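Engineer: Each chain is listed here by its residues.
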Amino acid sequence: MLQRRAVSVAILFGVFAFILFSTHYKLISLPFFWDEAGQFISQAHDLYQGGALIPKSAMPNSHPPGLPLLLAGLWKVFGYSIPLTRSLMLLFGAAFLTMSFLLAVELLKGARGVPAFAVAALMLANPLVYTQSMMAQLDLPSALFTTILLLAYLMKLELVAVVAAMLSVAFKETSIAIPIVLGVFAWRDGRRQFAAQLVLGPVLVVANWVAYVWFSTGRVFGDAAYTEYNIFYPLHPVRLGYALLRRVSYLAVENLHIVPLGVLIWRWKQVGFDARWRPVAAACVAHVLLVSVTGGAVLERYLLPVLPVLYAAFAAGMSTLAGRWRHGVLALSCAGLLAMLFVNPPWPYALENNLAMVDLVEAQRNAAGFVESSLSRSRITTTWPLTDALRKPYLGYVDEPIAAVRAVEDLSIERLKALEWERGDVLVLYARAWDPDYGLARWPWVRGLLRRFFRFPDEAGLRDVADLSMLKPLVGFEQRGFWVEILIVP
Amino acid sequence: MKTHAAVARLESATKTYGTVVALGGVSFELWRGEVLSLLGPNGAGKTTAIRLLLGLTEPSSGSAKLFGLAPRSRAARVRTGVMLQAGGVPATLRVAEHVELFSSYYENPMPVADTLAAAGLTGLEMRHFGELSGGQKQRVLFALAICGRPDLLFLDEPTVGLDPESRRAIWKQVRLLKAGGTSVLLTTHYLEEAEALSDRVLVIDGGSVLTEGTPAHIKEQAQSATLEDAFIKLTQREESF
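In the order they appear, the protein sequences are chains B and W.
The working numbering applies: residue 351 is where the first sequence begins, and numbers increase by one.
The working numbering applies: residue 9 is where the second sequence begins, and numbers increase by one.
By construction, these hints were calculated from the structure, which means they are not laboratory data.
These numbers were taken from a predicted model, which means no experiment stands behind them.
Check before you lean on any hint, since a few could be wrong.
Cross-link-like lysine-lysine pairs, in silico, DSS-like; alpha carbons within 27 Å at most [as the list claims (entries may be wrong)]:
| hint | chain 1 | residue 1 | chain 2 | residue 2 |
| --- | --- | --- | --- | --- |
| 1 | W | K180 | W | K145 |
| 2 | W | K241 | B | K822 |
| 3 | B | K426 | B | K406 |
| 4 | W | K241 | B | K742 |
| 5 | W | K73 | W | K241 |
| 6 | B | K742 | B | K406 |
One side only, chain W facing chain B, incomplete, derived with CB under 8 Å [said to hold, decoys possible]:
| hint | residue |
| --- | --- |
| 7 | T56 |
| 8 | E165 |
| 9 | G169 |
Glycine included, C-beta positions come from ideal geometry on N, C-alpha and C.
Only chain W is shown next, with the shape it has when bound in the complex:
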């Protein structure tokens, strides 16, 4: 896997606000076809790391690269899919219109019907986004993230508000994308989700990486039966709250 260049790379990335360090010299790479989960309590620095990689903010020091390029470059952006937050999507467009619109941004998008099917939205095409339930909205956001056949997919809390069946359907799609060579950077509060999907886990707290490894390695390191127990042990040890 690591014979290829990193798909995404943070190198000694620091983000400070005045004297407060939101992210303190964090480095990691994401490889082709890998699912990497960023775990950490609220305010730990996960979203900051993702915002740096998306080019939504500049690092105070260090660097962020996608495909070896600046995150804001067009060449990097057309290979990237991002799961947005619901507030950023117009409520008055229909589901199919949203998918068609987003697909038009990419050079080689999936057929709209395939995207809708992959996100479990078949039958909801003509519904306005604003009329959908919270779980259905999440599925639309997932569809918008994958419609461009991205090489790199950012999933920030992808299954919040989904019923177990929908959640497992999204997990299935993530696995299919990974099998097709897509790299996925996942943040989630559902640790069983991270355990089920991730090749590697990075635990962040207080803006620093606490530990990194496969889910099995992290459980062993924390002498815990589940990733959730390991996470609690690791973050409480740091007295993050």
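Same shape as in the complex, but just chain B:
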């Protein structure tokens, strides 16, 4: 019986792995993007090169070293390679999809039809799951282990649950809300030893890491700027309100989630959620709250651990509909999700949520290649993350580091005009955010709010190039609305 179940799970994993690899094969060598480049890959590379757990080429931070240890170990065995790194993450993605399916099976026992397949379809169609599956970041591996934790909790596999809880926080400490809430429910159910293990195991992992960071850096979270941005900055009432609004918007409205959510609310009584859902739902709510009050960037990838449960609830709602309607709602929901893989919303958002990240990376890869090929002897002025892309060949943009890169904090006209420019100097100007002409951020009052509460810099756009009279445009790159302009002092 156990063997048959293991074979089924292996087949399921193989199917998801096949789907993920076949839908990502063109992106398997994609250079690293944003936080991958600035944080996780740099941190793992420091560990790989010098054995340092506390990064030197990235900001020291509170994240436990699960991913850097895994990547550095992988590179030690097989050698450093972007396709290898992305392949490992795709395997994590396949495992996450497999566990999401099994969790749905467990949660939806007794529901009509085979709603776990609906969960699989929604997960596969989700643009965030698509991009995060190949990205070397913490949230997807952490979500894999929180999903295993939820499943093991429901199946009363206590040892598996405790190990999964510890592994989830070894990748990302913010997962800790989930085992704590489950521990409270286990305590109430009289499973006191299990409850203590479920809470103390991950707490010890995080405490151990925090103590190490404190001992190594003199700061609990490693770096003052990191602590300010991720712990104190989000607590401003306006930013906190906005973070919660963003969470509700992403989970309930965007990506056409409003359709299956509407069905769920309409069919709430028919669904008849049983007691098994309570600890799972409570753990998810606690996780959403925790990642809303911490983390300055309010990224949607922090929500990955709750998606399998949300989609299981959506599937439960759909399962109460008659056949044609059930399939119609599922098809519409999947279509909405798939569309958002390609369509960028008209407001600033995290580009890693859909294929915009690929557009930005490709535009920058082409520009960096041109700079290396034609301008490598010039002093290159630009801003992060392109500065890292030009300095660190292992990120995949250049073959050799560009010798003279002048980093500026942002690309505002005032800052650029204040710099000293010499003959032959090069400026690489580029769009760092999705800010189309029709975008909401173009409305003056929205822009004012963004500037006042969210440190949104007024960066130079293509129209502002004429203001930089000392520089002349040399070449420009564009990919689906993301542009890079290279200017030179003649």
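With chain B's structure known, arrange chain W on it following the hints.
Structural biologist: Relative to the frame of chain B, chain W by itself:
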């Protein structure tokens, strides 16, 4: 001169980055014992052409060959000397150690003392590279490029930061190497340098060859007294900036 096979050849070489053409179907050859200068403004495509010939990047279309071979082949590389950029050289090694190390890569290198003398480095052997002035570093880089008695020498801005005396000393060495049959591919912003050393000049802008010929031919073509005037006329006509 052209009775021999080309020492270096770019054939319809194109290098594109997305929709931007860094080099658009450029063809040229470098013959034995010839000094060819690539001239052009920043970003014109000179360095791209050199990177293709060195095998540092692959052409999007067309081909690059050294001695009829792939640029990355060992047989081509051991016959080639390249003047590196200062950033690529460890600062903690001494001058003589650098030359000894680089000489060890080649099958028939010059004696270290001869290399040091040719580059004007006699007396600086024991100094660390990181302690040298900009001009002295340039001379070390030149020494590393010539220490293997290369049949083909790539000189990318060889005299940047050198005083006039050092510059003329390097010019003298280039002429001696040429007389010995070495081919030299030179890029420089000093047009009098190109005029003084080159048998042939190729003016590149916007990834394309604007004109090609002897310095005299190019001056005549642009009706200019100096190569510098001719270059300015040619590149401004193309509104490169």
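Engineer: Give a verdict on every hint.
Structural biologist: These are the hints, each one checked on the structure:
1. K180(W) to K145(W): holds, 18 Å
2. K241(W) to K822(B): holds, 19 Å
3. K426(B) to K406(B): holds, 19 Å
4. K241(W) to K742(B): Not OK: K241(W) and K742(B) at ~39 Å, beyond 27 Å, violated.
5. K73(W) to K241(W): At roughly 32 Å apart (the allowed maximum being 27 Å), K241(W) and K73(W) break the hint.
6. K742(B) to K406(B): It holds: about 13 Å lies between the C-alpha atoms, which stays within 27 Å.
7. T56: holds, 4 Å
8. E165: holds, 7 Å
9. G169: violated, 12 Å
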